Every structure is written in structure tokens, then in C-alpha cells.
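Colleague: Here is what each chain is made of, one letter per residue.
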Amino acid sequence: MLDSILFILSTTLMYSAPLIFAAIGGVLSENTGVVNIGLEGMMAFGAFVGAATTSLCGNPWIGLGAAGMAGLLLALLHAWASIHMAANQVVSGIAINFLGTGLSVFACRILFEGSTMTPPIPLENKIPPLFFGQYATVYLALGLVFFTHIFLYKTIWGPRWRAVGEHPKAAESVGINVYQIRYLAVLASGFCAGLGGASLSIAVVSSFRPTLIAGQGFIALAAVIFGRWRPMGAMWAALLFGASQALVVFVGGQAAIEISSQILSMLPYLLTLLILVFMNKKSAAPKANGISYQRN
Amino acid sequence: MKKAIVGILALIFCFNLTTATASDKNLKISMVTDVGGVHDQSFNQSAWEGLTRVKNELGVKVGYQESKQDADYDSNLETLLDGNNDLIWGIGFKMADSILKSAKQNPKQKYAIIDYSFGNTTPPNVVGVMFQAEEASFLAGYIAGKMSKSNAVGFVGGMSVPIIHSFQYGFKAGFKYANPNGKIFEQYAESFTDAAKGKAITTQMLNQGVDVVFHAAGAVGDGVIEACKEKKKMAIGVDRDQNYMAPDTVITSAMKRVDNAIFNISKDFLAGIYKGGTTVNYGLQDGGVDLAPTTSKLVPEKILKELEAIRQKIKEKTLIPPATPEAFSTMFKEKK
Chain U
1293 MLDSILFILS TTLMYSAPLI FAAIGGVLSE NTGVVNIGLE GMMAFGAFVG
1343 AATTSLCGNP WIGLGAAGMA GLLLALLHAW ASIHMAANQV VSGIAINFLG
1393 TGLSVFACRI LFEGSTMTPP IPLENKIPPL FFGQYATVYL ALGLVFFTHI
1443 FLYKTIWGPR WRAVGEHPKA AESVGINVYQ IRYLAVLASG FCAGLGGASL
1493 SIAVVSSFRP TLIAGQGFIA LAAVIFGRWR PMGAMWAALL FGASQALVVF
1543 VGGQAAIEIS SQILSMLPYL LTLLILVFMN KKSAAPKANG ISYQRN
Chain H
379 MKKAIVGILA LIFCFNLTTA TASDKNLKIS MVTDVGGVHD QSFNQSAWEG
429 LTRVKNELGV KVGYQESKQD ADYDSNLETL LDGNNDLIWG IGFKMADSIL
479 KSAKQNPKQK YAIIDYSFGN TTPPNVVGVM FQAEEASFLA GYIAGKMSKS
529 NAVGFVGGMS VPIIHSFQYG FKAGFKYANP NGKIFEQYAE SFTDAAKGKA
579 ITTQMLNQGV DVVFHAAGAV GDGVIEACKE KKKMAIGVDR DQNYMAPDTV
629 ITSAMKRVDN AIFNISKDFL AGIYKGGTTV NYGLQDGGVD LAPTTSKLVP
679 EKILKELEAI RQKIKEKTLI PPATPEAFST MFKEKK
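Chains as they are written, first to last, in our numbering: chain U, 1293 to 1588; chain H, 379 to 714.
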């Protein structure tokens, strides 16, 4: 019994950590009014750069840092297009998604003799487990939630960031630099998504392949909305999704319970959909979310 | 001026026509990959290695079109149709519908498809190629049965489809053959991509006492192999030699030699033999499936010798590994 609970808990954390990273990225960006649909592409690029760097230099921490920077690089494009050029944020995000996966595969082929998969990283070069056999990235993700919460609600910066997302004109009128804050938020968002990708490619498994990031970015996006654009909320949403996946695996592995695995595997998505339908009565989206701001 | 342009166009058109009819002197064979591409470390790559061998050893032109998503199959086939190919290969069962449609619309074009059988309804211009994965899986199961110390092994499947069943029941039968009282845990991930799920499923199996895990689950298998690598338990790879993914723990792999099949059928085709309208089965006997060459690294000499005897029996058809749940249950009912 205790073993089962421990298994479900640890699987939940393993599954959720990448989602939490990306969801926090989404929270940061969207609180300042920039929709970031490109999380998926940023995760994919981060996953690739993380695995490639770790495999080439042998140090997972350098790999993790590089993954964050990779996500940040793509985010810079998104920021430039959607803040500076006032382009449609959704369109720019979709472009980032194509770019992230495409660029990863392209760079992978150049670096690793045409292979679309990075060489597997040996055990001693992976992100190490910290407590209870969980990877350091899991604790890093939880720490990031805590830090973001403090930042948004307990520091002098928080209200400024949120003001930019609610009413950029009013914020500008009291001397807040809207462009600067939005840029910072989108870059931070890319950094987080990159870490999320790497937490899959150098912790959960030990290599990148093009199908490694298959929808996690979009689930993280759902977690942002479901968590009402708050870091804690997004974390709980990601944990819920992870927990339902863990439950699916757990139930599927019990010989005593016979449920079709096809039906079971629908559960996490069905659950997310149902909760979104029933819970999201009052939307808490930042008012200026998705609207580009142009100085007069 | 206008006349000149029309004249040039007409000339180009004629030129195109003549090259099209002169193509039998200069044969060309191409393939369309399924989602994955020619460097997927899996069967698409193996297929391309086979075609590359065709080019190098038989001196014909070869080419490929990569599919990035399921929706690309039709347009990739169109591209090859326009490219004067004498034989078009579709790689993977996912392409079955597209190949069938294209074959019916272009009855003069010849096709072959990997991993799919249209059975009695195979169009006369299509050859289906199936692999008797159960034969290699049986050998892998035998190794698992002999090497498991806890007498419990696991199987992780991608999706519950006939192709995966041949791996599953072949493996189970091989395991039971070696270790009649052993226990086997089976679970499907319902995905070929979710590596985290593969890892979670395998971790649970290892917690339940399993010490050898076999997977037939594509990229989900990355997670399976990873979980075994971390817990220092044995894993068995699939399709290609996956020992490189965890050199100390992947004891063997049930390989599908797509390259051999593509080479042999293409070679026959060039010699004028084309078994259109039928399905060709590739097994141990003709090098279509086998265990990975790295097997001898981690599997003891004694077991390798026993395997040789079993391999012989399978080749002589005195032992027929089951590919379906039905065949599996009849095989083990008869034994009782």
C-alpha cells in the first residue's frame, strides 16, 4: 500500500516537473499581457540543446543552463515579433512551435552525423537525484513556483508586471516601461520552457528525439489557464495532470483491475477538459493579455 | 517571341516524354518514410540502409521522401510518381491507406510496403512485406527466461495492434519455454512517443520484482531502457540493436532487418521477379529478423548455445513461435 502511494507520488512529480517549468513560463509571460503559444517549440529546442550540450561536454548543469538559454533565444524572436513589431501573438507563437522542432532536428543532424537523436548520456552525466530518488530538476521546478509566487505578489516588481498585463497604458502613464517589462517576461518565459524541455531530455530520459516533446507545451498552456494565471494554480494544474497519468500507469499495472488501456489513457485529457468546463466560471485572465501595445 | 516560347515549351515537353519512356534503361527505386525520417535510429533508417545497399551493389538510382506527419504520405507518393520511379516503397503500416489509394489510381506503377499485409485484397501492383517478429521475440523471451533471477519479466507495448502482438506473444512464448513457472507482467502505453510513460510503467514493473523488461513501443522504449539503466536491471531492445543506449543493461534486441528485406525484394525486382498481389513473410530463415549482434556481450555462452538449437528448430519449422493471443494459448494448452 505504502509502496503504491510512493510510486504514484514519484511518478506524478516526474511527469509534472517539465509541465511546471513551462507553465511558470506561461504565467510570467501572460501576466504581462503576452500570450505564449510557443512554449512547445521552446521546450523542444531546450530539450535538444540540453541533451546535445550535456552529451558533448559531459556536465548536466551546463546542459541545463544552455537549454534555458536556447529557450530564451527563441523567446527573443517571439518578443521582438509580438512586442516590438506588434504582430499577432498567437501567429508568432505558432511560428515558434514550428521553428523550435525544426531547428532542433536541423542542428541535431549537423552535430551528430545526420542522426535525429542525440547520443545517450551515461548515467553519471545525468541530472542527479536529490531526495527520495527524485531528480534535482523536480525540486528546481517546485522552487521556481515558490520564487515566482513571491516575485509576483510580494515584491515591488510584481504589481508593475501585472499592471502591464492589465492596463499597459495606465502603467506607462505612471512611468513603467511596458516594452522593457514585456521583453523581460517573455525572455524569462522562454528560459523556463527551455529548462522544462531539458528536464525531460537529461533527467527523465537521456537523449533527445523529435517526438520527445509531444504536446507538453500545450498541456502547460492549459495549466496556465486552468491555474488562473497564478503560479501556484498552474503548479496544481500540472500536478493534477501528472497525477492522473500516474494513476493510469498504476491502475494499468494491477492484474486485479481489468480496464482497457485505451479507455484508461484518455483519463488525463478527459479530466483536464472536465475540470476546465466546470471550474473556469470566472476567468482571471489579465485584461490586456494577447493585445499588443503601441506607444503613441 | 510568343512562338519562340511555345516552341521551347513544346521542346521541353517532348524531352520530358522521351525521358519518361526511356526510364527502363535507367531504373530508379525510391521510398517514402513514415513519420520519423531516414535517421530515426529505427526502421526508417534501416530501410534507407537497405536502399543504399541497392544503389551501391546493384547500381540503380535510389531516393527517398521523408514524411513529417501522417498527412504527408499522399503528397510524398505523388512526388515519387512524378519522379519516374520503377518501384515505390512505403515504410511502415501507417502508410497502408495511402499506398492502397495510390496503387488503385496508378495501376501501372509498382509498389511495396513494409509491415503491412492487405491479405487477399492486395492489388496486383503491390507487394506486402511482413516480418515474423515473433521469431526474434521468442529468442529474446528465451534469454529473458534464462537470465531473470527473480523469475519475473515485463513487456511494455506501444499500442495493442497485431504487429505489436507478434512481439508480445513471441516473447511470452519464449519466456514460458525457458521458464514455465515464471511470471510475466504486460502493459500497454497507448503511445509510441511518451517516453515518461514508458519509464513510469517500467518503474512499477521493477518495483513488483521484474528484472528483465522487453519493449515494442518505439520512443516509449527510451523510457523503458532508461528505467532499467537507472535501476541496473536488464532491458531488451527492439527493431535495431539498442545496446548503445545503455551498454551495460541492454542484453539483447529483437531486430527487424528491414534493410535485408528491402535489398532482397529490390534485387528480385531488378531481375524481373515481382510478386505483385501477395504478401512476403520474412523470418529467421531468410535473415528478416534476428537477435542483435551485441547479444554475445552480456548473455553467457551457455545460453547462446541453447539459443542456437532453438534457432535451428524455428528455421526447420519444428517450432513455430505464436504471433497472436490465439496461437499462444493453443501452444501452451497442447503442452499441458
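Worth flagging that the hints you see were computed from the coordinates, not collected in a lab.
Bear in mind that the values here come from a model prediction, so they are computed numbers and not experimental data.
Heads up, some of the hints might be wrong.
[Unchecked claim] In silico lysine to any residue, SDA-like type, Cα no more than 20 Å apart, as pairs:
| # | chain 1 | residue 1 | chain 2 | residue 2 |
| --- | --- | --- | --- | --- |
| 1 | H | K554 | U | A1547 |
| 2 | H | K446 | U | A1547 |
| 3 | H | K482 | H | T656 |
Colleague: Measure nothing beyond the straight line between the CA atoms of H:K482 and H:T656; if it is 20 Å or shorter, mark the hint as holding.
Modeller: holds, 15 Å
Colleague: Is the Cα-Cα distance between H:K446 and U:A1547 20 Å or less?
Modeller: violated, 38 Å
Colleague: Would you mind confirming whether the straight-line C-alpha gap from H:K554 to U:A1547 stays at or under 20 Å?
Modeller: holds, 18 Å
The structure fails hint 2 only (numbered hints given earlier).
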